[in-house]
Amino acid sequence: MIIPALEYYLVLGAALFIIGLLGVLVRRNLLIVFMSIELILLGANVTFVGFAVALDNMLGQAFVIFSLTVAAAEAAVGLAIIVALSRHRDTLNVDEINTLKG
Amino acid sequence: MTELVIAVIFKSIIAFAVPLLVVPPLIWGERRLLGRIQSRLGPNRVGPFGAFQTLADAVKLLGKEDMIPAGADRALFILAPFLLLVPSFMAWSVVPVGTELHIFGRVIGLYATDLNVGVLYIVALTSVAVYGIVMAGWASNSKYALLGSLRSSAQMISYEIMLGIALVGVVVLAGSLSLPEIVRQQQVPFAIPLIIGAFVFVCAALAETNRAPFDLPEAETELVSGYHVEYSGWRFSFFFLSEYANMLLASFLVSAVFLGGGWPAQFLEPYIGHLFTTLLAVGIMMSKVFLFLFIYFWIRATLPRFRYDQMMNFCWKVLLPLGLLNLAVATVLKLTIYA
Amino acid sequence: MTSETLLTLIFAYFALASVVFAVLVIMLRNPVQCALSLVGVVFHLAGIFILLRAEFLAAAHIIIYAGAIIVLFLFTMMLLNIGAVERVRQFHVQAPLAIVIGAILFLEFIVLTGATITIGAQGPHSPAWVAGQGGNVQALGQVLFRDYLLPFEVASVLLTAAVVGAIVLARQRPRRPRSSSEMGVSEWMAERYEKANVRSSNRPNSAEEIGD
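Same order as they appear, the protein sequences are chains A, B and C. Numbering of the first sequence is given in numbering that gives the first Met the number 0, commencing with residue 0 and proceeding in unit increments. Numbering of the second sequence is given in numbering that gives the first Met the number 0, commencing with residue 0 and proceeding in unit increments. Numbering of the third sequence is given in numbering that gives the first Met the number 0, commencing with residue 0 and proceeding in unit increments.
Keep in mind that the hints were calculated from the coordinates and are not lab data. The structure presented is a predicted model; accordingly, all values stated were derived computationally and were not measured. Ideal placement from N, C-alpha and C gives every residue a C-beta, glycine not left out. Please note that the accuracy of each hint is not assured.
Which bits of chain C does chain B cover? Going by a derived footprint, with three or more residues having C-beta under 8 Å, they are [what the hints assert, rightly or not]: (1) 32 to 41; (2) 58 to 66; (3) 69 to 76.
For reference, chain A alone in the conformation it holds in the complex (with noise of 0.2 Å):
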């Protein structure tokens, strides 16, 4: 039993996954196109939740958690690399951070 209808939960699910595309698109900031990969996330998360509910199985609940571990992950090594990038090259623009060679 879910309320409101399956449907609502999915166009939210999408509508934060297309903001935080559109962020990592749009964003020249390296830490705003991190956080717009955590809406993304999130937006993923919502869905495996609603269709959790939906159809009576936990194991969407329970896939959350993986989710949200892969969050935290990604946020630490990528939180790391930034600190390292912005201490190499001074700038967090990711337009100007386009060599492969330090």
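Based on the hints, put chains B and C in the right spot on chain A.
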């Protein structure tokens, strides 16, 4: 239905009023006690034994000019005290003063709500309280405030984990995340089998509330007063109020979760009846709370402040292994004695 | 008012608020304010999860996202002193194109969800089963530690790897003669101090900061 609504409103008002009413005498008590320990008098001018000193201070603070420093991020500067105060008051809605009172044919829970995820709710709110401090430091546009909030964000997210690990041991033994249920489960206070967990929890609670010896974010001697240097007037009083409300909350949690709430009052129920047992249990609970607050002040008067690296080493190299050991002990006990 | 309309209204509030905050995350100029908006998103999503009776996930989202990840973001910003980059042009040249494509993708999502949702067979974990386990937390624990124990352990390995990786990455300091671990705390603080000083004195922006 209307009775239920009235009960809920009444309990909410009490849950809101407790920190507001207890904090002023608490501040006065701390200052008197510190005075005694340091061989001086403490506040003794306003009212009998200086008891109205806090009220006088509050009036003074409310009358002061409300300043926002130049170059501050205005929106965040204004928001920060609320970000700190609101979570510390929200947490009170799940704190139990006792279990249930059966009176006039009704059952009245001595708590505002019995959330089935009460422990998680408290942990979530403590993790949100970091934002108030971080934002206050960031928005002030002052190096002392920024340093204070840098220190505190590292300190609070580290010790929050220890708080959680200490509570996991209790949750394993009680088999529930609801605080009244944890209180009910304690035939023996959990501090006895989980003495390590209680130690970890008390240290983490000291650090989470930024009290001595973990008061590095404030550190009057190095950082003037850390993240709230730039705040004055009623905004400053918000920081003060939330610090003491958090202390009171930590004391209530230790008493309920580790010291068994009203234990051993429930064993007297066959002899003195339900009403007196419940009242006695609440009395015992409150005395445990005030005992713990006394220990808080005592520690402040006795221990010097940690250095930054000592504080971090203590967290990750002492408390984390102890917390995991406590979890192992709790699991073994759950499978043997508590099975 | 029936409870169903009430729940729909609550859903509408949480959904709208989280979308508005999400838009703020990608629109605001100051990264600190962006991070705070992200906290707003997480809080309102926690409300959505409570509406779905997933209390554990609501609390877990607040603890992990608001309590750990976003604080880490803020910590990084303060460490790197990000406030100064505010003046730089914030958006890519291709922003309008990206927005058009995003809008098309979103419409596609809506059309797809509206047209072809056929709910499959109901799973084994009905609300009655969840209540029988003692609530959402207990039910989730049963599923996670009985049926999906191996993935759970693998996730913990992932976290350990992330911790090690983060430490390895953040320790190297190419431009400085000594690593942070060799530097005393007072020196480290002095360095931060310097940076804080630069920020508060609002130094004139160099040409490349004002930007292209």
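Evaluated hints:
1. By the rule of at least three residues with a Cβ nearer than 8 Å to a Cβ of chain B, the coverage given for the stretch 32 to 41 of chain C holds, with 3 such residues.
2. Taking a C-beta to C-beta cut-off of 8 Å, the stretch 58 to 66 of chain C contributes 6 residues in contact with chain B, enough for the three needed, and the coverage statement holds.
3. A stretch counts as covered by a chain when three or more of its residues have a beta carbon under 8 Å from one of that chain; for the stretch 69 to 76 of chain C and chain B the count is 4, and the coverage holds.
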